[in-house]
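Same order as they appear, the protein sequences are chains R, X and W.
Taken in order, the first sequence gives residues 1 to 368; the numbers are from my numbering.
Taken in order, the second sequence gives residues 1 to 283; the numbers are from my numbering.
Taken in order, the third sequence gives residues 1 to 263; the numbers are from my numbering.
Hints listed in this document are in silico derivations from the structure and should not be mistaken for laboratory results.
These figures come from a predicted structure and were not determined experimentally.
Just so you know, not all the hints are guaranteed correct.
[What the hints assert, rightly or not] Below are the DSS-like pairs computed for lysine-lysine, each with C-alpha atoms no more than 27 Å apart in a straight line:
#1 W/Lys45 / X/Lys146
#2 X/Lys97 / W/Lys187
#3 R/Lys77 / X/Lys5
#4 R/Lys180 / R/Lys114
#5 R/Lys77 / R/Lys114
#6 X/Lys97 / X/Lys179
#7 R/Lys77 / R/Lys23
#8 X/Lys179 / X/Lys277
#9 X/Lys5 / W/Lys187
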Amino acid sequence: MPALTLDRLEKHYPGPTAHTAAKSVSLSVHDGEFISLLGPSGCGKTTVLRMVAGLIEPTGGRILVDGRDITALPTNKRNIGLVFQSYALFPHMSVFENVAFGLRRQGVQGHELKRRVDQALADVRLSALGDRMPRQLSGGQQQRVAVARSIAPRPSILLFDEPLSNLDASLRDEMQIELKRLQREVGITTLFVTHDQGEAMSMSDRVCVLAHGVVQQFDTPEAIYHRPATGFVASFIGRPNRLAGRVARTPSGGAGVQLDDGPVLAASGADGLAPGSPVDVVIRQEDICFGETPSSHAHALSGRVAMRSFVGARVQYLLSFDGIELLAEAATNGPHAGLSVDAPARVSIDPRHVYVTPAAPAGVRAAP
Amino acid sequence: MTARKANGALLASPLLLLLLLAFVAPVLLMVPLSLHPYEPGTGISSAWTLSNYTSIVTDEYYREVVVRTLVLGFGVTLICLLMGYPLACYIATAGPKMRLALTMLVIFPMLLNLVVRSFGWIALLANRGLVNNLLIDMGLIERPIKMMFNLFGLLVGMSHIFLPFMVLMLVPAIQAISKDVQAAAYTLAASRLRVFWSVTLPMSAPGILSGSILVFVLTISALVTPRMLGGPTYKVMATLIYDDFLQTLDWPAGAAMSFTLTLLTLAVIGLSSRVLKRWGGHA
Amino acid sequence: MNLENRKMPLLAATAIAVVVFLQVPVLVVMLAAFSRTAYLTIPPKGLTLHWFDVVLRDPEYLSAAWTSVWLAGASTAAALVLGLVGAYAIHRRMVPGAAALTSLFMAPLILPSVVLGVALLQYYTITGLRGSSFGLWIAHVVITAPYVVRASLSSLAAVDESLEDAARVLGADGLTSFRLVTLPLVKPGLVAGGLFAFITSLDNVPVSVFLLSASQTTLPVKIFTSVEQGVDPSVAAVSTLLIVATGVALLLAERWTGFHKHV
Chain R
1 MPALTLDRLE KHYPGPTAHT AAKSVSLSVH DGEFISLLGP SGCGKTTVLR MVAGLIEPTG
61 GRILVDGRDI TALPTNKRNI GLVFQSYALF PHMSVFENVA FGLRRQGVQG HELKRRVDQA
121 LADVRLSALG DRMPRQLSGG QQQRVAVARS IAPRPSILLF DEPLSNLDAS LRDEMQIELK
181 RLQREVGITT LFVTHDQGEA MSMSDRVCVL AHGVVQQFDT PEAIYHRPAT GFVASFIGRP
241 NRLAGRVART PSGGAGVQLD DGPVLAASGA DGLAPGSPVD VVIRQEDICF GETPSSHAHA
301 LSGRVAMRSF VGARVQYLLS FDGIELLAEA ATNGPHAGLS VDAPARVSID PRHVYVTPAA
361 PAGVRAAP
Chain X
1 MTARKANGAL LASPLLLLLL LAFVAPVLLM VPLSLHPYEP GTGISSAWTL SNYTSIVTDE
61 YYREVVVRTL VLGFGVTLIC LLMGYPLACY IATAGPKMRL ALTMLVIFPM LLNLVVRSFG
121 WIALLANRGL VNNLLIDMGL IERPIKMMFN LFGLLVGMSH IFLPFMVLML VPAIQAISKD
181 VQAAAYTLAA SRLRVFWSVT LPMSAPGILS GSILVFVLTI SALVTPRMLG GPTYKVMATL
241 IYDDFLQTLD WPAGAAMSFT LTLLTLAVIG LSSRVLKRWG GHA
Chain W
1 MNLENRKMPL LAATAIAVVV FLQVPVLVVM LAAFSRTAYL TIPPKGLTLH WFDVVLRDPE
61 YLSAAWTSVW LAGASTAAAL VLGLVGAYAI HRRMVPGAAA LTSLFMAPLI LPSVVLGVAL
121 LQYYTITGLR GSSFGLWIAH VVITAPYVVR ASLSSLAAVD ESLEDAARVL GADGLTSFRL
181 VTLPLVKPGL VAGGLFAFIT SLDNVPVSVF LLSASQTTLP VKIFTSVEQG VDPSVAAVST
241 LLIVATGVAL LLAERWTGFH KHV
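Work out the full structure: start from the sequences and follow the hints.
The structure is reproduced here in structure tokens:
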């Protein structure tokens, strides 16, 4: 019995600005799993989350928790926790009262109430701050109070709506680990909405990638990275180069693509597509390997360095080949970090890392 | 969502009902009243006539009252602008403590009973009022100057009453003018006066218009101050309505004058919001 | 460059002069209240508390004052309930035509008071409510509710929408989340609105003057009509008492809620 099932969930807004925010979204989440809803803004991930919480009414589909259909159940009866992007702490109540709020609604009082609140604050490592007011806390602390408030009533599902996007980078990394650890300890089934792929991949058991309200892929982080199911996923995950081209045969007769204004590349993803048909091609920066590789399936490109940027842990190059330009990277401490501008560059790209999808019809673009 | 809509109806309907029954209905019921003729001695007949409205235009006395009301409106608005704009500028650029103190000093008279304030002006402007007594004591005049029961008294008194409204509308408008824009003008070697004339003043135009409309509408609708400072003989539209309903009992005429006043008010407000909308892009 | 520090002294002088001008009638009234003579001079020809004595003993003045206060209180209370609740329905988009409804709720502010006064006079004459306390109360709720609606709408707009959502997720139903979360946060704005409503009712003449009966009058109407009969310093004394009361109320309100931000 899955802990949470979304069955063809749909949200359509009618009227002059009609659009479908979520289209036939189906997911099955196991008990204790950490699932991310990942996608660019406007992809529908927050809409799906708010439908699960009961704050938005679906126009189609069902939501089942532990097998029970809760689609028609009002928000306050769903026993679901939600951590808001803005934390939504009650400004006129102390930290203690904020955390106690859900418990009080459940009828918990007195000693038991205090014990549960203290426990929740201890879980997020904020034990001493019960008497403070939200405005006296830092952003990170407010965030933890929001989490404590959500888990104190022991909900069956925990939802996060981009909770870390208001924190600065170093704090965000720290909180990612904290939240993951907490989720493991408490064991609540969790749905986490984010637009940051690094966040989604590092924290989740499985990731659901959404675009334009449609589920693109729902799988483990490794599967999504190595075997992107659609052109959107290929260009949204990792650091992509996006090109256009047509299906063609390589000089040795294998599957490949003729890049517009550029060379022919071996691409195993082109296998089976009609020759000459237009395709979108994605090559990740991290998949471009400097130097020769011994693999006989690889395809090599020769060109020169057009630009070089030092990013810290890696060096980013803009390489120019025979009519096209590609972004590539090399580890700062590795052998290829020292190429200067106008130096010759020889790279090879495994054909399995040349992701090919039939060209999107006009109006439906891949990830920006 | 029907529970939500039902709750919404429940929450909004008491006030809606109150306004429909005690605001919309009474006003609508005055329409037929204004279309009946009034015969002194017999009362309101059940015939229909437009004479109550036409006489406002054709009758010299009514015309005079309407014109006087409008002149008063423009005059008071202008005076309030001339006095209020400098004060508003000062408040808008003052430090927080000064701003609070000045704002309180502007709000305080506004909260005071209108009757009290009008009475204060009577005490000042009457023939045996403070100003006349002072001028006579100082030997500047021999006989009291007539400052009440005429346009002067009303202009002065009403400007005072409505000045706070003008100031309170102007201050946020002036504050909203980005300091950066003014600073930019200075760096382009404009003089203080030039900056004021070509930057500050135009950019506060929406505030000037809003304040002016408010003061104008309040002035032409006013009853208490014109009655107290103008007396029973020097009438404006509102005091004429008052007399029609309570003294001469010519309710139809009063009703017709009421609608005329209302239409004037709505026309002014409507016109100005059109203009404001057009200026919205420039602000 | 700090523009504020280079204010022209002329501007400052003009501003101060205008502020002084604003206070003058108020000061004059207070002067008249203490002055022994029935006409005013500067300096006054003698000071006395006699007129205050006259006023405070006069049962008509006291009854008028009482009527004004209970009327203002009762209408403000009703306006607060109806206005807040109506504003909430508009704010949470629980009703269609929010814009039209808001316009209707604010309409009494636009209609000249005198027109409303005479319209109600006719209406109450037809419905038999003329001269009744009930009719007077209803009329005052109509003129005070818009201030509450306006203050409520702006206060509600300032409250983070996700707060009520958060309360619901945590198990609170609509009424509870309003009571525990929204209401405490809109209180300052409500106090400001309520104060405006109270003062509007207390001060009102153009509506009240048409609806009072022979036996009942409000303080401002009494002052209004007695001035027509001739100026007498007891009017000044009543006025001074009102001035003092208003000043105290203003200071208290500012102390409690800092309401000058909501004006």
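Would the pair R/Lys77 and R/Lys114 pass a check requiring their Cα atoms to be no farther apart than 27 Å? Roughly 23 Å between the alpha carbons, so the hint for R/Lys77 and R/Lys114 holds.
Has the given pair, X/Lys179 with X/Lys277, been kept, meaning a C-alpha gap of at most 27 Å? holds, 23 Å
Between the alpha carbons of X/Lys97 and W/Lys187, is the straight-line distance 27 Å or under? OK: X/Lys97 and W/Lys187 at ~25 Å, within 27 Å.
Do the alpha carbons of X/Lys5 and W/Lys187 lie within 27 Å of each other, as the hint requires? holds, 26 Å
Sort out whether X/Lys5 lies within 27 Å of R/Lys77, counting only the CA atoms. Between R/Lys77 and X/Lys5 the Cα gap is close to 20 Å, so the pair holds against 27 Å.
Pairwise hint evaluation, R/Lys23 against R/Lys77, where the allowed Cα distance is 27 Å at most: Answer holds: R/Lys77 to R/Lys23 is near 26 Å, not above 27 Å.
Are X/Lys97 and X/Lys179 close enough, with their CA atoms no more than 27 Å apart? Holds, because 20 Å separates the two Cα atoms, which is no more than 27 Å.
Straight-line Cα separation of R/Lys180 and R/Lys114 no greater than 27 Å? holds, 25 Å
What's the verdict on W/Lys45 and X/Lys146, does the C-alpha distance respect the 27 Å limit or exceed it? Holds, at roughly 23 Å.
Every hint from the earlier list agrees with this structure, and none is contradicted.
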